[in-house]
Every structure is written in structure tokens, then in C-alpha cells.
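J.: Working from the sequences, and respecting the hints, build out all of it.
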Amino acid sequence: MTTAPPDNFWNDTGRTGISSWIFSTDHKRIGLLYFYSVLTFFLVGVALGLLLRIELMAPGRTIMGPQTYNALFTVHGVVMIFLFILPGFPGAFGNLVMPIQIGARDVAFPRLNLFSWWLYLAGAVIILVSLFTGGGAPDTGWTFYVPFSTRTGTNVSLAVVGVFILGFSAILTGVNFVTTIHRLRAEGMTWTRLPLFTWSLYATAWVQILATPILAITLVLIFSERVLGTGLFDPSRGGDPIMFQHLFWIYSHPAVYIMILPAMGIISDIIPVFSRKPIFGYKMIAFSSLAIAAAGSLVWGHHMFTSGMSDNAVLVFSFLTFIVAIPSAIKVFNWVSTLYKGSISLEAPMLFALSFILLFSIGGLTGLILGAAATDVHVHDTHFVVGHFHYVMFGGTGFAFFAAMHYWLPKFYGRTYSQRGAIVAWALMFVGFNVLYFSMKVLGMKGMPRRYYDYLPEFTTLNLVSTIGSWILAIGLLIMLMNLFRGLFRGTPFTGNPWGGATLEWSIPTPPPTENFIEEPVVTHGPYDFTGTGRP
Amino acid sequence: MSHPKHTDYNGDKLGMWLFLFTELLLFGGLFILYAVYLARYPKEFSAGGHQLNLVLGTINTVILLTSSLLAAMAVTAVQRGQQRLTMGLLGGTVLCAAGFMLIKYLEWSAKIQHGIFPNSPRLIQGAPGESIFFSLYYLSTGIHGLHVLIGAGLLGWVALKVRSGAIHSHDYVLLENSALYWHLVDLIWIFIFPLYYLML
Amino acid sequence: MPSDTTAGHIASYGKLTAVWLCLLILTGLTVLITRMDLGGYKVVGALTIACTKAGLVIAFFMHMRYEGRLLRGLLFLALITLALYMGLTFVDVLYRGLP
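Note that the protein sequences, when read in sequence, are chains A, B and C. For the first sequence, the working numbering assigns the number 1 to the initial residue and increments by one for each residue that follows. For the second sequence, the working numbering assigns the number 1001 to the initial residue and increments by one for each residue that follows. For the third sequence, the working numbering assigns the number 2001 to the initial residue and increments by one for each residue that follows.
If you're looking for bench data, these hints aren't it; they were derived computationally from the structure. Heads up, some of the hints might be wrong.
[What the hints assert, rightly or not] A short, non-exhaustive set of chain C residues, derived as facing chain B with CB atoms under 7 angstroms:
(1) Ile2010
(2) Ala2011
(3) Leu2016
(4) Leu2023
(5) Val2031
(6) Lys2053
(7) Ala2054
(8) Leu2082
(9) Val2093
Even glycine gets a Cβ: it sits at the ideal position worked out from N, Cα and C.
T.: Okay, here's the thing in C-alpha cells:
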């Protein structure tokens, strides 16, 4: 960081070393702490995913036995969901960018913010410890379904303690963000001038507040089933295992929107900047974030169509599920309308954003196949589901996360990466991704179940294709990270507003000063009003 | 470069209320389970409910309501700058909390002596719904009791801050938020009391 | 940024004590009516009184009466959410056909 001007958040306190980071209450430093933590766990998850694909490369035992396979897909799910994708956007980019976007010096509760990260770290450590202690790594799948999770000898008890702490961390982040967005907007930053990324974080924070407590109590219940033998989900004592699924999905379906909403927000910020056009339908996109959060909280039952739930509930939840498609489609149509007749520049953030639209649409539309009760019975618990949620979560949130990395990180480092390297990496990842997960969808349609380490010989070819896709994707990912970080630490200087963004973070020096703004900002125009932000 | 001390009274209260919503929903999960299992096992729940000690439950209700009054009065006292009175009222709240926990302890130990506790042989042999009732009873009152302990600790800490002068009539949001937390503990009990002790 | 002019409302000791007395009376009432043989109305009565008591605590002890519309709206949102969670769960449970 030698070229950075003296007064920025990298060298502000006079303190150096690790304690100036892990005890900092500066939202930018906490954002970077989160960023590197979630990225680390993302790479762990990727490594586990690659191992799972190698096992499935050929039928029968390839590199691991069934118990190892069960443990690995559980840990892959837990790590990816609870340690990467849920805290990823709010923790990393929400912290880095949101306060600047609304013209604030910091979040409403900076110390609480640091505490959230520490809780995240504590939860992560406990989960890691649970893999190697007790009866070994949990083998229940990330959903911890009863009755298996209350009976298995593996260390589920400790793992749910870890997830409970992560939930507490998420709740505190949600409380912090809602308060920040309500109370700390700069003068002139009205609700209709809020950047759409901030809007999406607002909706996300509400889901974190209203849904996460249900996960917390569910985890307490698993723990008490295992430790105290409360028997609330045990049919032999009059308990109802399906009630566990209700409680679990009351949280875990809205959690899907904690993962995807901020991704949609970043896409809504990037598309207009790289199309040189104001966003089409600003109010509808902002509103649809809230609508997705609201409708998405009421559709959890579509995970339970084959559980033995009553048929009336299947009908109601199936109907409600289709309602979520409306605000989601509003967003997609508005992005496409923004692109129409825009002056599009295909740089790395935009390529990731455009592929988000395609991959999310494929994921979303296959979601409707799963949301329709009749077709769900056919593909439930097959690789079709695995393909579907990887399209939404990885093709959607993952690619949006990479878009955000290429869009915002240069702003905070003051140096940028090679566009060509980023584009090559993107192309490899895009191809690898589709080869990997589209094959899974076809396999699922043909009837290959998920969560088995073995399969029938007729599925061999497509599984091999899928595994090869995973390697292409991994190579692309590796190139992307090398190119990006080499650029951030040793690349060409990044100053001013090269993308031509109109949100507040592009109006301040690069890297941002400690207090973000040199003088209190007064907002006089909307976030996508590009007059006067022309590219150099 | 130090941040000026952050003083956003309304923001701090908004944050606390948001946190209280999460507490509400945490207990909400248990209330959902209660409702579902009550609908399925009305007789067993009724049998279980009649085994709870109504007198002790009512005394605890009165204690918690009183403690809530004292906490609310402590807010008024600090606003009016009555430092000693504030500390006295907070002390009273903590005493009420201790009384509540003592009675809870007596209640629980009596139940446990009668062989009623999760996974006890008596409940395993009894009707299925009855073991569900008592598991929910222990979980609800147990988690509530944990909140009583946390709230009492919080109020005790706040009382020390009042004594040292860190909390006074111009900066009392910490006291007000702790009192809010205490009222939530009271609110939850206002529902636990009829659900388990009264209406079955 | 919203201005920060309103300091906290000061509730008088007298008013708080009056609310406390109401709460005690309601507690007595709920114990009384649930000792009578009212069948299903016991549940309705007990829960109505519990909601009234909760309303009193929220309005006076927690100062909600003196707060702006925002907090009230948000509290309403949280309660509606919990009600919807419970309601939709019952769409399953009530029609399950289990013993």
C-alpha cells in the first residue's frame, strides 16, 4: 500500500499488526476481516466439493467409503452455507460498502459489529472442532433432520452449538444494519435515493432478524433431544418429526433469501454503471426486494412435499411458492430493460453480473419445477435439486460475489487487476460451471438420487462429464483469485472513479479515508444519475 | 482520529427493540410447538397442567410484575436525576429476580423428586403427550429462567454504572435498554403462566 | 439524518403504579376464571387477559405509548410474522389425519 495517500483506513491508527485489525471497530476493516474469513471457508468448501465430485466420477467406491462421503457432503454444506454464503454478503461487502453508500461514518453499533465477527469466528472454530472430536464429523447433511440427527453417534451436538453462535452473529449484524439504514443516512439520502445494494441489505437484515431466532430454537431443541432426551420430535414419545422440518425450514427457506437478496442488490448496482444508463424501474426493484423477503418467509413448506405433510398444506405452500417468482421476475426484467440500448462495456464485473442473470434465471425456473407439487414428487431428493440450488446459490450468489470482488475491492486497495486475466478466468468458470451443474440436472431428471456415494452404471457418463466440469471451474477460480490478488497488491494504481459509478462510494478518495468522508456529504441526486460521472 | 462518542438515543433504542423481536421469535418457536402439541394431546396436556403448582406460579407472576414495575420506575428515577433511588429500584428488581429463581428452583426440584423430568422412567412409561408437555414445560421455563439470570446480571451491572456516575439523567439509554430487556422477560412469562399453569 | 430532539418521555411513578395495580387485578381475574368450568372458553379468556397484560406492559412500562409510529409498526411486523409462522404450520397440522 505504499502509493496510497497517507490519510486512509489502511494506515490511520498508528498501530500496526494484527491487533489493529482484529480489535478494530472500523466497518471497512471488519468488512475485510469478514471477506478473508469467508473466502477461506469458501476455498475449504470448494476443496470438499471437488473431493465429492471425484468420488462420484465413477460408480462404486472411488476414493472414499460411504461414511466419509456422508461426512464430507455434510461439512461441504455446513461450511458453504453457514460459513460462506450466509455471512458473505452482509458481513464482507455489506460492511465494506453500505455505510459509505448511505453517507455514514460507520455502522450504528461499531463495537457490536466487531463482536459479530468474533462470534462468527467462534462459531466457525467450534464447527471445525466438532469435525475431529466426539464421534467425528456430522453425517446428517446440513439440514440436521431428525430422527437421524438425534441418534447418530457423530458429533452433531457440538456442530449445532457452533451454528447457534453463527446465528447469533447474523442476528446482531441484522440489528446493526437495520438501525444503521434507519438512523445514519446522510442529509438528502432519502429512501428513494438509497442505492439498490443497500435496499437489498435492508430486506436481508429483516429476514436475519425475523427468521434466525427460529433456527436458534430449533438447534436448541436438537441439542436437548440429544443431551436431555426431551423427545419432542420422537414419535415413540408422541413427538412429531415433521415439526422439526417445519421449524427448520421456517428459518432455512428465508435464509435462501439472505443469500440471494444482496446478490441481486449488487447486480442492480453494477448493471446500470456498465450500461451507462439509469436503472430501469428503481422503485420496483427496491419494492421487489421487500416483496421477496416477505413472500419468501411464507413458502418453507415446499421443502416438505414428500415428508408426509397434509395435502392441504402442500397446495397452499405450492401456490405461495409461485408468488415468489413474481418479484424475482420483476428484477430480471428490469435488469434486461436497463441493458436495452445501453452503452454496454464488458469488463469483469459486468461479465460476472450478466452471467448472474442467466444462471439465476435457470436456477429460478428449475425452482418452479420443484415448487410445483406434482413435479417435485418426481425429482425430490435427486441430483436435480443439487443442480437447482447450485445454479441459484453458486451461479447466483457466488458469481455476484465475484462481481462484487472485481467491482469494489480495487476501490479499497487502490490497485487493480488485469482485465484480460479476469475475463479468461470468467470464461473458464462460466463454462465449467454449466458443465458441472447442468449435468446434475439431467442426472436428476433421470432419477439419480442425491447423497449417495454410489450410483447405477447408466449414470456414469454424465457423472464423469460433471466431474470434468468441476475441474474446469476450479482452474478458472484459481486463475481468478491469482489475477485479482496479484492486482490488488501489485497491480496498476486505481484512482478516482474509473467505472463511472454514481453511488457515494465513488465520490470519496481511494482508498477511503478512515471516516469515509472528508466533509459530511449532502446528497442531491439519485444513485443512478450518471450526469457528471463520465469515464475518463 | 478518534470517533466522537456515538450518541443516537433513538437509534440505540431502535436497535434494542429489534433485538427484542428476535427474542420474541425465539420463544415464538416454542409457542408454535406448544400450540401444535396442545391441539394433538389436549387431555394429556390438561393432566400435565394440573400437576403444576398454581400457587407458586401465581406468586412468581406477581414477583415478576412487581420487578417490572421497579425497573420502569428506575427509568423514571434516572430521568429525574434521583441517583440513589435509581440504584435502590434496580436493586429491588434484582432481588425480585432472585426470588423468582428461588421459587423456580423449588418448583423444579419438587417435580424432579416426583420423577418428572425429561427422559425420566416415569414419563417414558406414561402417556406420550404427557412427556411432550413436561419437555416443553422444562424447555420454556428453563430458557426463560436463563433470560431472567441474564437480565438480572445486566441490571446489576447497570446499577454499578449508575453508582459510578456513568449513567445519569443525560445519558441513560443503557439503563432504559436493560429495562426493556427485563420487561421482555416479564412479557414472556405473562404468556407462559396461563399456557402452562392456568388454562389446561 | 433524523433529528434527535425528543428526549425520553418521563412516566410518573403514580401512573406506573396504577398500571401495576391493573396488572395484578388482571392476574387475579385470570386465575379466577380459569378455576371455573368454562370448557374451551378458558383458553380464550386466559389468552385475552394475557394479551391485555402484555399490551399494558408494552404501552406503559416499555414506553411504546410515547414512541413514534416507526417502532409501533415494526413491533406489529414482528407479531404478524410470528402469527403467520404459526398459522401456516397449522395449515399442515390441522389437516394431517394422524391419530
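J.: Against this structure, judge whether each hint is valid.
T.: Right, here's what the structure says about each hint:
1. Ile2010: With a closest approach of 5 angstroms, the Ile2010 (chain C) hint holds.
2. Ala2011: holds, 6 angstroms
3. Leu2016: This interface hint holds because 5 angstroms falls under the 7 angstroms limit.
4. Leu2023: Leu2023 (chain C) check passes; min Cβ-Cβ to chain B is 5 angstroms, inside 7 angstroms.
5. Val2031: Holds - the Cβ of Val2031 (chain C) comes within 7 angstroms of chain B, reaching about 6 angstroms at its closest.
6. Lys2053: Check passed: Cβ of Lys2053 (chain C) comes within 5 angstroms of chain B, closer than 7 angstroms.
7. Ala2054: Constraint on Ala2054 (chain C) satisfied, holds at 5 angstroms.
8. Leu2082: Interface hint status for Leu2082 (chain C): holds (4 angstroms vs cutoff 7 angstroms).
9. Val2093: Hint holds; Val2093 (chain C) Cβ to chain B Cβ min 5 angstroms, cut 7 angstroms.
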